[in-house]
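**Student:** Okay, here's what each chain looks like letter by letter:
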Amino acid sequence: MSDNMKAVYGQAKDNYMFKIRLKSTILFIWCLILTVICLLPIYILLINATREASDIAGGLSVLPGTHFFENVKTMKTDFKQQFRPLIGYRNSAVITISATFLSVFFSALTAYGIHVYDFKLKEISYTVILLVMMVPAQVTAAGFLNFMVKLGLTDSYIPLIIPAVAAPAIIFFMRSYMKSSFPLDIVEAARIDGCGEFRTFLTIAIPMMKPAIAVQAIFAFVAQWNNFYTPSMILLSNKMSQRTLPMMIANVQSMDTYKDYGVVYTCIAISIIPIIIAYILLSRFIIAGVALGGVKE
Amino acid sequence: MASAAQRRIKSISYAKYGYIFILPFFLVYFFFQLWPLINTFIVAFQGNGNATGDWVGLDNFKTLLQKVNFTKQDDLIALNRVPSTDEEYEAAKALKVQYAIHNEFVDSFKHTLVLWIGNFIPQILLSLSLAVWFTDAKLKIPGKGFFKVVMYMPNIITAASVAVLFMSLCSEDKYGAFNQLFHSMGIVKEIDGPKADVVHLVGGSGHPWPARIVIMFIQTWMWFGNTMIMLMSGIMGINPSLFEAASIDGASSGQVFRKITLPLLSPIMVYTLVTSMIGGLQMFDIPYLYHKGTSINTDLETVAVFIYRNFHTGQKNQNYGWSGAASVLLFIVTLILGCITFYLNRDTDEIAKKKQRKKLAKQAKIQNKQFGGLSL
Chain A
-9 MSDNMKAVYG QAKDNYMFKI RLKSTILFIW CLILTVICLL PIYILLINAT
41 REASDIAGGL SVLPGTHFFE NVKTMKTDFK QQFRPLIGYR NSAVITISAT
91 FLSVFFSALT AYGIHVYDFK LKEISYTVIL LVMMVPAQVT AAGFLNFMVK
141 LGLTDSYIPL IIPAVAAPAI IFFMRSYMKS SFPLDIVEAA RIDGCGEFRT
191 FLTIAIPMMK PAIAVQAIFA FVAQWNNFYT PSMILLSNKM SQRTLPMMIA
241 NVQSMDTYKD YGVVYTCIAI SIIPIIIAYI LLSRFIIAGV ALGGVKE
Chain B
722 MASAAQRRIK SISYAKYGYI FILPFFLVYF FFQLWPLINT FIVAFQGNGN
772 ATGDWVGLDN FKTLLQKVNF TKQDDLIALN RVPSTDEEYE AAKALKVQYA
822 IHNEFVDSFK HTLVLWIGNF IPQILLSLSL AVWFTDAKLK IPGKGFFKVV
872 MYMPNIITAA SVAVLFMSLC SEDKYGAFNQ LFHSMGIVKE IDGPKADVVH
922 LVGGSGHPWP ARIVIMFIQT WMWFGNTMIM LMSGIMGINP SLFEAASIDG
972 ASSGQVFRKI TLPLLSPIMV YTLVTSMIGG LQMFDIPYLY HKGTSINTDL
1022 ETVAVFIYRN FHTGQKNQNY GWSGAASVLL FIVTLILGCI TFYLNRDTDE
1072 IAKKKQRKKL AKQAKIQNKQ FGGLSL
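Quick mapping for you: the protein sequence lines, in order, are chains A and B.
Taking this note's numbering, the leading residue of the first sequence gets -9, the next gets one more, and so forth.
Taking this note's numbering, the leading residue of the second sequence gets 722, the next gets one more, and so forth.
Hints are computed from structural coordinates only; laboratory data are not their basis.
There is no bait here: all hints are sound.
Below are the DSS-like pairs computed for lysine-lysine, each with C-alpha atoms no more than 27 Å apart in a straight line: (1) A:Lys3 x B:Lys861; (2) A:Lys110 x B:Lys1075; (3) A:Lys66 x A:Lys229; (4) A:Lys249 x B:Lys910; (5) B:Lys814 x B:Lys783; (6) A:Lys110 x B:Lys737; (7) B:Lys1075 x A:Lys169; (8) B:Lys1074 x A:Lys169; (9) B:Lys980 x B:Lys865; (10) B:Lys916 x A:Lys249; (11) B:Lys831 x B:Lys783; (12) B:Lys783 x B:Lys817; (13) A:Lys3 x A:Lys13.
Beta-carbon label-pair distances, calculated as ranges: (14) A:Pro197 x B:Met906: 53 to 61 Å; (15) B:Gly914 x A:Pro54: 24 to 32 Å; (16) A:Leu226 x B:Glu1071: 48 to 56 Å; (17) A:Asn5 x B:Glu1071: 41 to 49 Å; (18) B:Ala917 x A:Ile148: 44 to 52 Å; (19) B:Gly914 x A:Ala213: 43 to 51 Å; (20) A:Leu141 x B:Asp828: 28 to 36 Å; (21) A:Leu226 x B:Asn771: 14 to 22 Å; (22) B:Lys859 x A:Pro54: 39 to 47 Å; (23) B:Gly914 x A:Lys70: 31 to 39 Å; (24) B:Lys859 x A:Arg274: 19 to 27 Å; (25) A:Gln71 x B:Val777: 33 to 41 Å; (26) B:Gly971 x A:Ile16: 21 to 29 Å.
Note that the Cβ used here is the ideal one computed from N, Cα and C, for glycine as well.
Sequences and hints are given; from them, build the entire structure.
**Tutor:** Here it is as structure tokens:
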């Protein structure tokens, strides 16, 4: 009797384990296929960046070619009007770094102001900030450009950098972070010790908010670095000395007279390699940050 | 003593620091966001091109939304005949422009909808299934962390570069990687020369769908990892004892998904849906850059591209009126979507509790009155 039960039970258990294992294996293979789909375009890009145009016409290849430096040389001469990586890196870095700094610093300041102090307009101002979060950039673009043309600020970096001060989504995130991990007693203690209000913010609040600042800085940086819409809208005359990297790529794309695919791939590769390296180094924080963004709502 | 110091501190008002701290945000916000938004509404009621700044009332909205009826004989004549007077010429020109702009705008809305639906459905199916499998404690899929990192990666790459990359991969000649692939599979017989029968993945005249499908693929490719991670964190927020109880009661994984995961995940699903919709309405970089040569692919023109094209026609003749009016319509759509999220995401339990509390308070009041206001 008991032997019989054991046999039945054991069989059921084996069956169950087998099912789970089979399902896991199938899903693992499916994930591998998705991984290949995710990586294949980038892999082809990197491989083709090192090949000659005539070589690319011959079909796909698994191994990289040896033509990368020739491609770079061709890029320097023939794509001079479209793509200059050093200028692009410089311009993108200037805009991105200053805008990220402003976003993060002033968002922390605003969140701190709303969290720590009691004032009449506190709740109203926070509600306004939340409402602003919903307005997409495309909606204000026509009025924005019209206004900038009137002020004579087109072809200048000011409209690309200064608006970063007002970043409602970052303020929202920082306020939630402060609510959970910034006790007001610390501010009180600092006051008793004679610390000024602004100094309290700089020397106590900012170090305590480091994790939130780091996550938001990464996302602000990526968003600014990838931004094509605003720069191409504001930099009307599209001068080489002012173009950002995405704008240069757009220019490579719209040249129709001469197209050497090896060099085009090289340009694209040069434009995305920094962000891929940064991603590989910071992927852990980025994934955690995306997950946090999902929870907050 | 400490109490004296504390009392002194309490008596100082720090409110002014609050205002000082939030001042920079509101200054910049007013100048670079609020005023441009108001200005968008202003230019929507003003003229285009040379007439920028003249008030035209609702003309722009009429142009965008009103269908030009060609049943009227006069209009047809005005369009086709060689105009004899200046007045007639102007009328014909205005009619032609109105016809073209209306069609372009309506098409751009259709394209936005089509492209968004075509990327959202595969994206949500893929992300939801992956999120459920990755969070299932019973399944043992090795390398989950690695898969998450890889699947999120396309999202972080510059969209402009992605568009140009796919443009090169889809090229309709012997250089295009996809056509090479089709060639080796035998779908494309002749890849080069006059008899080439390559797949028209770039689009252009007469081939709208392959290019649209490529755009849908790119959008899905870029966004499914992001959605997956958000849904995963949502599923992990569900109380695990519910899953445990279900598995003890012998629920199948399909039942668990339908009866537990999906209902409890609905707030996040709604959030994902609406953020994706708002993002879809803003779709710009990829449809704008996915074309050959200098002129854009009109089969892929979205509302954002329509707005951009009309205010960014170079240094002269910016049609602020039309892009402003289109922006206002876009704003209204976004507002409606936002209200829907807010309505669906509201805490129904909290509202019910509030009602209950009010009811109790009322009853207590009535009882108090019955006993002549005496507290018992």
